[in-house]
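So you can see what is in the structure, the chains are spelled out below.
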Amino acid sequence: MSKPVLELSGISKRFGAVQALSEVDLQVAPGEVVALLGDNGAGKSTLVKVIAGVNPADSGTIKWENHPVTISKPGDAQRLGIATIYQDLALCDNLDIVANLFLGSERTVLGTLDELEMERRAQTLLDSLSVKMPSLRVPVASLSGGQRQIIAIARSLLGDPKVVMLDEPTAALGVAQTAQVLDLIERLRDQGLGVVLISHNMADVRAVADRAAVLRLGRNAGDFPVQETSYEEIVAAITGAADNPVARRSGRVSVSGTEEE
Amino acid sequence: MADVEAVPGTQAALRRANQRRVIEALRSSGTLTQAEIARATGLSAASISNIVRDLRECGTVSVRETSSNGRRARGVTLVRPPGTVIGIDFAPTRITAALGDGQGTVLARESIGYDVAADPERGVRRAVWLTETLLGGARTDRSMVTAMGVALPTPIDVTTGEIGSVSCFPRWFGFRPAEALSERLGLPVVAENDANLCALEEARAGGGRGLEHVIYLRLSHGVGAGIIVAGRLLRGAGGTAGEIGHMGLDERGQVCRCGNRGCLETIAGAPYLLDMLPRHDDSAGPATLAEMVDAAVASDPGSRRIIAEAGSALGRATALIANLVNPELVIIGGELAGAGELLLEPMRRSMELGTLGSALSDLKIVQGELGEDAALLGALRLATASVEESAR
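Chains as they are written, first to last, in numbering that gives the first Met the number 0: chain A, 0 to 260; chain B, 0 to 391.
Among the clues, some could well be false.
[Said to hold, decoys possible] Okay, the calculated beta carbon distance ranges per label pair:
1. A/D92 with B/R208: 45 to 55 Å
2. A/L157 with B/F172: 33 to 43 Å
3. A/K131 with B/G173: 29 to 39 Å
4. A/K131 with B/E340: 28 to 38 Å
5. B/R52 with A/L128: 43 to 53 Å
None of these hints come from the bench; they were simulated from the model. Beta carbons: idealized from backbone N, C-alpha and C, even for Gly.
Please work from the sequences and hints to get the whole structure.
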C-alpha cells in the first residue's frame, strides 16, 4: 500500500459530558476506498466532521501527506484537498446542473457569467467520470436520486481534492442508482483519490471498499481488509459481539451516554 | 410446542393465535428481524422473543444473527423446502440477477449497467453485490439459496471452468467465474455459455418445445450458437462447440479478434455492424445495436441494408450447420433478432442457396419466444439441475 495521504492519530472529541471520540486512528491512502463503519452513535459522523473542519478535534494529530496540519475550520480542509459530501447534498433544486456544479465558484468574463466556459468544463468533468446526463441545462429537481448524488460528488471534484468523504451516499437509492454511485466511487479510486465511505449497507461496502475501519462507542474497533474478511467478522466488530464482556462493560461505563451530535 | 386442546379464551389459545400471526408475517415477507415481526404483528418484543424461541425449538423457523441499520438483530426465517436458486446473466454492459423458485419461476430480479468486460474481478465483485442486494430486497436469507447458475457470453472449458481466449470478454481469459463467485458467496455455482443456456431454455419452455434438434443463434455483441442434437446440448471436447461467430466466410474480409480473416462475427457482430453506418454529419445516429434495430424498423435505409446483409451472411453460416446436423428449428435471439423479418427474410433466401433441399424442407427459422430473458431463465434452470444432480 502506498503512503497515506491523510493520517489521523489519537483523535479525541468531547461534547460537554459526552466523549464522542477517544483516541481514534484512521489512515487513508491515495487510490484507496476506506469504509467507515459503526453502529448509530459510534462516532462516524463526528470523525468526518473533525476531518472536514466542522468540529475540530480536542486532541490528537492530523498528518496530511506526512506533514502535521491543523484543521480548525472547513476552509482549512478544503484548501488541503479534502472534499466532503453530506447526506443532504446541498444542491439547489431550481438551478440547472452547470449552475450547481459552479455554485460559489462561478466563472465570469467581463463581469457576466461565462456560461459557455462553465458548460464546457462541466461536460469535460462529467465525461472524465463517464457520467451520462440527459442535458446539463435541466434543473436538478428533475434528476433522480442517484444522479443528484453524482452531481454533488462531481461538484466536489472541481476543487481537485485528494480525499473525498461520502456520508451514506447510497442510502435511499434504488438498485440501479446505487450501482451508478458505486461505479463513480470505483472511478474516483482509479483516478488515485482517497475515498472515505460511510455506509450502513454491508453489501455496498463489500462491493467497493478496500478496507473497513470500524468504530464502536467512539473507539477503534478494528480495521479489516474487506476482501479477506467475512461479513460476520465485520458485523461482530460493529455490534461488539467480538468483545470480551468484561471489557465491554467497563468501556460502556467510561463513555456512557455517547450519542451522535 | 405442547399440543394443548385449546379452549377459546385460555392462555394456550392466545399463544397459538399469536404464533399463527408470526408465521403469517414470515410467510408474506420472507426473513424478518424480531423487531420487524413485532411491528408487523403488533405483539410486544418480549412475546415475539418467546414465540420465536418456541418455533425454533420445533424447527419451524431458523434464526440468524445479522445487523439492521448497523444494530445487532436476529433474522427469523421460515424453514422452507430447499429449491430457491439464483441466476446471473453477464452481458458486455449489463449484469442481471434473478431469484427463482426451482420451478422456473422468477421471484425477483434486478439489473444494472456495468462494464463487465473491463475486469473479471470487479465484474464478479459487482455481481456479488447485486446478488446480496437482490436477496436483501426479496427478504431472503442466503442460507435459503441452494445454488447459482451463471450465463456468460464466452466459451467455458468443460473440465476446468476456465474462460476461453477468444470471446466478448478478452480480459476474462483464463478466469474461473464459477469458482470466484462460489468463494465469495459460499454457494455452489455453475457457469455455462449463454447461447447454450438460451438453446436449452428455448427447447424446454420456449419456441422449441418438444423438439430434439434445435439451433439457437444469439446475435448481439458477438455471434454464438447453442446446438441441441437428439435432445442433448453439443459441447465439444473443450466447450467451444457452437462458436459459429468464427466460421470463416470471406477470405478477403476483415481480420477478426480471433486472428482469422472474414469470420461471421466481422460481418454480423454488433461492433462491425455499427462501424458500417454512414457518419456524414454530426447528427447522432444509432450508437447501440438496439438503436440500430429501432432505426431499421423505422425505415432508416442504411440500417436496413446493414441488417439485411448481416441476415444474408447468417444464412450462409446457418446453411452449413443445417447441412451438418439437420435441425428442425433455428431460433434467433439477441438484440439483432428484434429486427424480425428484416433479418430473417434475407437469411432464409441465402439459406435456400446453400442448404440441401431435404434438410431445408422441414426446417423453420423463428424468433425466440423468451426474448432477452432466455439466458437468465436458463441460468436458473442450470442451478436447479445442478442441485438435482448433486442430490443423486
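Check the following: the C-beta atoms of B/R52 and A/L128 are separated by a distance inside 43 to 53 Å. About 51 Å separates the Cβ atoms of B/R52 and A/L128, which means 43 to 53 Å holds.
So does A/K131 sit 28 to 38 Å from B/E340, Cβ to Cβ? holds (33 Å)
Is the gap between the beta carbons of A/K131 and B/G173 within 29 to 39 Å? Holds: the Cβ-Cβ distance is about 32 Å, inside 29 to 39 Å.
In this structure, is the beta-carbon distance linking A/L157 and B/F172 contained in 33 to 43 Å? Distance hint for A/L157, B/F172 holds at roughly 39 Å.
Is the distance from the Cβ of A/D92 to the Cβ of B/R208 consistent with 45 to 55 Å? holds (53 Å)
In the structure shown, no violation is registered for any of the earlier numbered hints.
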